[in-house]
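S.K.: Sequence:
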Amino acid sequence: SLISSLGCCCCCLTLMGRQRKLRTVLIMRTECQPCSLNFGTKCPDGYTKITNGTVGVRDCRYPFEVRTYTLSLPGCRHICRKDYLQPQCCPGHWGPDCMECPGGAHSPCSGRGSCAEGMEGNGSCSCQEGFGGTACENCADDNVFGPSCSAACPCVHGVCNSGIHGDGTCECFSGYTGPNCDKPIPACAALFCPENSRCSPSSKDETTLECKCLPNYKSDGKSCEPINPCSQNICHPHAWCTYLGPNRHSCTCQEGYRGDGQVCFPVDPCQVNFGNCPTDSSVCRYDGPGQSHCECREHYHNFVPGVGCSMTDVCESHNPCHRDAHCTTIAPGQTKCTCRKGYIGDGSRCYGNIMERLRELNTEPGGKWQGRLTSFVSLLDKAYAWPLSNLGPFTLLLPTDKGLKGFNVKELLKDNEAARYFVKLHIIAGQMNTEQMTTLQMKTFYTLTGKPGEIFNGDKDNQVKLKLYGGKKKVNIIQGNIIASNGLLHILDRAMDKVAPTFESNNEQTIMTMLQPRYSKFRSLLEETNMGHALDEDGVGGPYTIFVPSNEALNNMKDGALDYLLSSEVLYHCILLTLTLEVATLISTPHIRSMANQVIRFNTTDNGQILANGVAMEETEVAAKNGRIYTLTGVLIPPSITPVLPHRCDETKREMKLVRKLPCVSSLAFFQTLFTHKCVYTGRIRSLKNGCARYCNATVKIPKCCEGFYGPDCIQCPGGFLNPCSGNGQCADGLDGNGTCICQDGFRGSQCQFCADPNKYGPQCDKRCLCIFGTCDNRIDSDGACLPGTCREGSAGRFCHKHTSACGPYMEFCHIHATCEYSNGTASCVCKAGYEGDGSLCSETDPCSGLTPGGCSRNAECIKTGRGTHTCVCHQGWTGDGRDCSAINTCLLPRAGGCHHNATCLYVGPGQNECECKKGFRGNGIDCELITSCLEQTGRCHPLATCQFTSGVWSCVCPEGYEGDGLLCYGNGPSHSSLHSFSCWSH
Numbered sequence: 001s002l003i004s005s006l007g008c009c010c011c012c013l014t015l016m017g018r019q020r021k022l023r024t025v026l027i028m029r030t031e032c033q034p035c036s037l038n039f040g041t042k043c044p045d046g047y048t049k050i051t052n053g054t055v056g057v058r059d060c061r062y063p064f065e066v067r068t069y070t071l072s073l074p075g076c077r078h079i080c081r082k083d084y085l086q087p088q089c090c091p092g093h094w095g096p097d098c099m100e101c102p103g104g105a106h107s108p109c110s111g112r113g114s115c116a117e118g119m120e121g122n123g124s125c126s127c128q129e130g131f132g133g134t135a136c137e138n139c140a141d142d143n144v145f146g147p148s149c150s151a152a153c154p155c156v157h158g159v160c161n162s163g164i165h166g167d168g169t170c171e172c173f174s175g176y177t178g179p180n181c182d183k184p185i186p187a188c189a190a191l192f193c194p195e196n197s198r199c200s201p202s203s204k205d206e207t208t209l210e211c212k213c214l215p216n217y218k219s220d221g222k223s224c225e226p227i228n229p230c231s232q233n234i235c236h237p238h239a240w241c242t243y244l245g246p247n248r249h250s251c252t253c254q255e256g257y258r259g260d261g262q263v264c265f266p267v268d269p270c271q272v273n274f275g276n277c278p279t280d281s282s283v284c285r286y287d288g289p290g291q292s293h294c295e296c297r298e299h300y301h302n303f304v305p306g307v308g309c310s311m312t313d314v315c316e317s318h319n320p321c322h323r324d325a326h327c328t329t330i331a332p333g334q335t336k337c338t339c340r341k342g343y344i345g346d347g348s349r350c351y352g353n354i355m356e357r358l359r360e361l362n363t364e365p366g367g368k369w370q371g372r373l374t375s376f377v378s379l380l381d382k383a384y385a386w387p388l389s390n391l392g393p394f395t396l397l398l399p400t401d402k403g404l405k406g407f408n409v410k411e412l413l414k415d416n417e418a419a420r421y422f423v424k425l426h427i428i429a430g431q432m433n434t435e436q437m438t439t440l441q442m443k444t445f446y447t448l449t450g451k452p453g454e455i456f457n458g459d460k461d462n463q464v465k466l467k468l469y470g471g472k473k474k475v476n477i478i479q480g481n482i483i484a485s486n487g488l489l490h491i492l493d494r495a496m497d498k499v500a501p502t503f504e505s506n507n508e509q510t511i512m513t514m515l516q517p518r519y520s521k522f523r524s525l526l527e528e529t530n531m532g533h534a535l536d537e538d539g540v541g542g543p544y545t546i547f548v549p550s551n552e553a554l555n556n557m558k559d560g561a562l563d564y565l566l567s568s569e570v571l572y573h574c575i576l577l578t579l580t581l582e583v584a585t586l587i588s589t590p591h592i593r594s595m596a597n598q599v600i601r602f603n604t605t606d607n608g609q610i611l612a613n614g615v616a617m618e619e620t621e622v623a624a625k626n627g628r629i630y631t632l633t634g635v636l637i638p639p640s641i642t643p644v645l646p647h648r649c650d651e652t653k654r655e656m657k658l659v660r661k662l663p664c665v666s667s668l669a670f671f672q673t674l675f676t677h678k679c680v681y682t683g684r685i686r687s688l689k690n691g692c693a694r695y696c697n698a699t700v701k702i703p704k705c706c707e708g709f710y711g712p713d714c715i716q717c718p719g720g721f722l723n724p725c726s727g728n729g730q731c732a733d734g735l736d737g738n739g740t741c742i743c744q745d746g747f748r749g750s751q752c753q754f755c756a757d758p759n760k761y762g763p764q765c766d767k768r769c770l771c772i773f774g775t776c777d778n779r780i781d782s783d784g785a786c787l788p789g790t791c792r793e794g795s796a797g798r799f800c801h802k803h804t805s806a807c808g809p810y811m812e813f814c815h816i817h818a819t820c821e822y823s824n825g826t827a828s829c830v831c832k833a834g835y836e837g838d839g840s841l842c843s844e845t846d847p848c849s850g851l852t853p854g855g856c857s858r859n860a861e862c863i864k865t866g867r868g869t870h871t872c873v874c875h876q877g878w879t880g881d882g883r884d885c886s887a888i889n890t891c892l893l894p895r896a897g898g899c900h901h902n903a904t905c906l907y908v909g910p911g912q913n914e915c916e917c918k919k920g921f922r923g924n925g926i927d928c929e930l931i932t933s934c935l936e937q938t939g940r941c942h943p944l945a946t947c948q949f950t951s952g953v954w955s956c957v958c959p960e961g962y963e964g965d966g967l968l969c970y971g972n973g974p975s976h977s978s979l980h981s982f983s984c985w986s987h
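In full-length UniProt numbering, the protein residues as written are 1 to 987.
Please note that a few of the clues may not be correct.
[Stated by the list, open to error] Under the rule of at most 25 angstroms between Cα atoms (straight-line distance), these lysine-lysine pairs were calculated in the BS3-like manner: (1) K382 with K701; (2) K443 with K410; (3) K498 with K625.
[Unchecked claim] Pair ranges (Cβ atoms, derived): (4) C706 with K414: 56 to 64 angstroms; (5) D415 with T48: 53 to 61 angstroms; (6) A151 with P194: 58 to 66 angstroms.
Don't read these hints as lab results, they were simulated from the structure. Idealized CB from N, CA, C, for every residue including glycine.
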């Protein structure tokens with residue numbers, strides 16, 4: 001809330017001339033709630049609504065509970081204003097009771113200082129330089145004199161008449177004389193002055209010496225006696241005087257008064273910490289100097305010292321709430337009605353879920369729609385009652401019974417799949433009211449099937465017409481914006497045309513079978529991995545939910561990107577294992593983890609289009625025998641490997657190579673210009689003959705990762721390949737690298753994205769954090785603010801820089817969980833630590849709600865640990881402190897992903913890998929056994945070769961004098977006369 005001063009409207013005529021009234025404007029905001037519900041929201045008593053339109057301002061978010069999730073949805077609220085005459089102390093007064101400042105209200109601090117005045121002041125004087133005392137009534141230095149306390153006393157051997165009212169004259173000690181008591185008198189020794197007296201020139205004749213009483217002593221005619229200042233009423237009337245020696249004393253204010261004894265003023269206990277009366281429930285009453293008592297505020301009772309008063313529960317005597325609402329006394333004499341879980345509203349009226357509202361509308365005695373919605377209610381009961389009762393939010397387009405004429409409802413009721421599809425053509429994801437429909441720039445909406453439709457403005461004001469693309473007829477919204485706890489209902493004059501799906505469900509076919517032909521490219525990619533087999537078999541590890549890009553989406557990818565999609569990590573990211581994800585559940589789920597162990601986030605646009613990681617869905621929830629298919633307009637790329645290109649920077653070179661797999665043939669078959677090599681082959685009569693083997697141009701690829709990528713799969717370095725290690729470190733990249741960032745001095749974190757000094761921030765970590773009383777957000781891209789929820793008690797604001805204290809007279813404007821920040825004589829309500837709001841309304845903070853829960857990594861879980869507190873825990877397969885989570889590559893760990901030592905570990909996602917036996921071995925990768933026969937290997941040995949066990953494996957070996965890999969043997973062989981006539985180009 002905001003409390004701002006406009007000006008004085010009346011003079012200091014109250015509280016005995018100590019207080020005045022200041023015209024003040026109070027601004028507060030109502031609680032955030034669905035925009036469709038906000039039209040009926042009223043401002044608190046005494047406030048006036050100043051927002052235009054029915055829905056207010058769209059500048060807030062409200063929590064929406066869906067089963068085990070709490071979504072944060074955009075909402076609306078109203079701004080309210082109240083003119084208030086705020087009590088303020090007149091000049092020269094301070095504290096809630098407006099006591100006079102020391103020195104009096106007409107001359108606070110004796111005109112020589114400034115008083116901490118005002119209701120939030122404490123009445124202390126800040127004296128000007130050279131002055132001191134409670135009311136700045138004295139000189140701060142005892143050795144100066146005069147009204148300005150600036151003249152130094154000249155006395156060398158004497159006492160100065162110092163102070164504000166002193167004139168600087170000197171009273172000399174014995175044996176000295178002169179204006180400054182600096183001239184010795186030798187003749188004094190002969191006088192033998194008695195005790196407590198001194199020798200000095202006579203006041204009648206300065207040439208004559210006499211004995212006089214010492215300073216601070218006085219003569220009684222016989223001797224010099226000490227002066228007792230306390231006998232002269234030198235202290236304030238409400239102070240005790242204590243004799244300390246000759247002409248010395250101290251003044252101590254009496255009990256119930258405070259000051260320096262020269263000036264004493266009554267202690268009002270109510271002025272300090274409100275007399276220890278808890279301000280939220282009691283007030284302090286001044287009874288006299290040093291005395292006060294606590295009284296319960298109106299609507300409170302039963303004062304307990306140190307605790308306060310108990311608020312009178314208005315709900316017990318007067319419950320104004322709806323039958324489906326809870327009544328809570330939230331402020332003195334004020335109640336709050338909160339709809340029960342599963343209901344929504346302002347408490348005076350609560351609305352149930354869509355199915356409840358439908359049945360209410362259809363059965364309300366004498367209601368406009370009584371008995372006119374039965375057919376569609378039957379369809380929903382058959383096909384979609386549970387989602388519309390438990391999930392959301394949805395916008396339901398509800399045709400009347402008359403509007404369903406021409407549709408065979410009985411046949412639909414027999415076919416559950418057809419009924420579900422027809423119903424989903426009448427549901428939009430999210431809440432879309434008629435005002436939004438008429439103001440949308442793109443006159444398009446999307447149904448739960450993924451099918452788009454068009455919005456038209458009708459002939460009458462605010463009339464809305466709808467039509468599905470591919471449909472023929474427009475439908476009219478004849479009553480809109482009917483509120484439900486999980487969405488909105490719009491009643492239509494007829495049903496939407498039944499537009500056939502582009503991709504038909506088929507519960508008899510597997511996912512792989514159904515992907516032909518429009519999704520054949522993605523199907524081909526799946527076939528390259530073991531997932532192709534799994535998705536083609538019913539009951540093998542399923543069910544599955546798969547997000548499939550169309551052939552067009554794959555064709556639109558950059559050159560070379562498609563090759564990278566053969567990566568198991570990319571394909572696994574498009575698959576959810578053991579889950580048949582319905583579209584209604586999907587829009588009620590903020591995020592989910594894929595088979596690649598990476599997060600897919602779902603959200604809905606204002607016009608109902610469903611997005612997965614920002615990629616739009618074309619067709620939703622296509623049923624297959626072993627799962628569900630969602631088709632996309634783009635490719636779902638795991639965040640850890642975006643962008644797709646470049647990852648590999650393989651080097652290629654051309655060289656001449658002997659092609660060993662081509663047979664050795666007669667030299668007569670070659671022209672001598674060909675590149676050949678002499679070899680031996682077996683003739684028709686099993687004899688060895690001279691021949692030629694061919695050389696061919698070969699392109700050799702040398703695997704390499706691009707700069708900024710590492711490991712066998714060329715994963716991008718932490719921080720991204722364009723800026724590895726956030727530009728603040730060196731990434732161990734390359735095929736043999738492990739992606740570790742070696743941070744420069746002053747930086748830390750898996751991406752070098754944090755400053756090593758917890759109190760520094762900025763790109764160079766050279767800026768001192770602006771966070772005052774909290775924990776600094778020490779990221780390099782931070783603005784130096786405090787981490788959410790870390791402000792200490794008594795401080796608030798983004799930088800925890802606002803000092804807060806009890807609100808005192810402003811408490812009636814602030815929420816019970818708010819304190820006040822005082823600045824320039826005005827007060828603002830500030831929610832206490834662990835609460836959020838504008839101060840006039842405070843609700844318990846849930847740091848784990850919102851788009852970036854608790855500042856945690858997108859690959860971490862935010863866990864609420866208390867009021868306004870939380871912790872971040874990395875997901876399984878990821879490691880870090882929760883704010884910073886890095887993918888675990890199990891292949892790089894000492895156990896190499898649990899693979900056999902004769903197997904290759906293949907990284908497929910964070911914390912996941914597959915094992916593949918090496919050449920010459922067989923098994924599942926966890927266990928690999930030696931292939932014990934050459935006959936079991938791919939290909940057969942050359943007739944000249946023998947099968948031998950060498951280097952731990954069975955292999956084909958050419959005989960001595962021959963070259964080759966055993967599958968092909970060539971060379972000079974044994975000496976034959978026919979070899980001498982052999983002629984073959986040799987290189």
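S.K.: Among the hints numbered above, which are violated by the structure, and what are their numbers in rising order?
M.R.: As far as the earlier hints go, 1, 2, 6 are violated by this structure, in ascending order.
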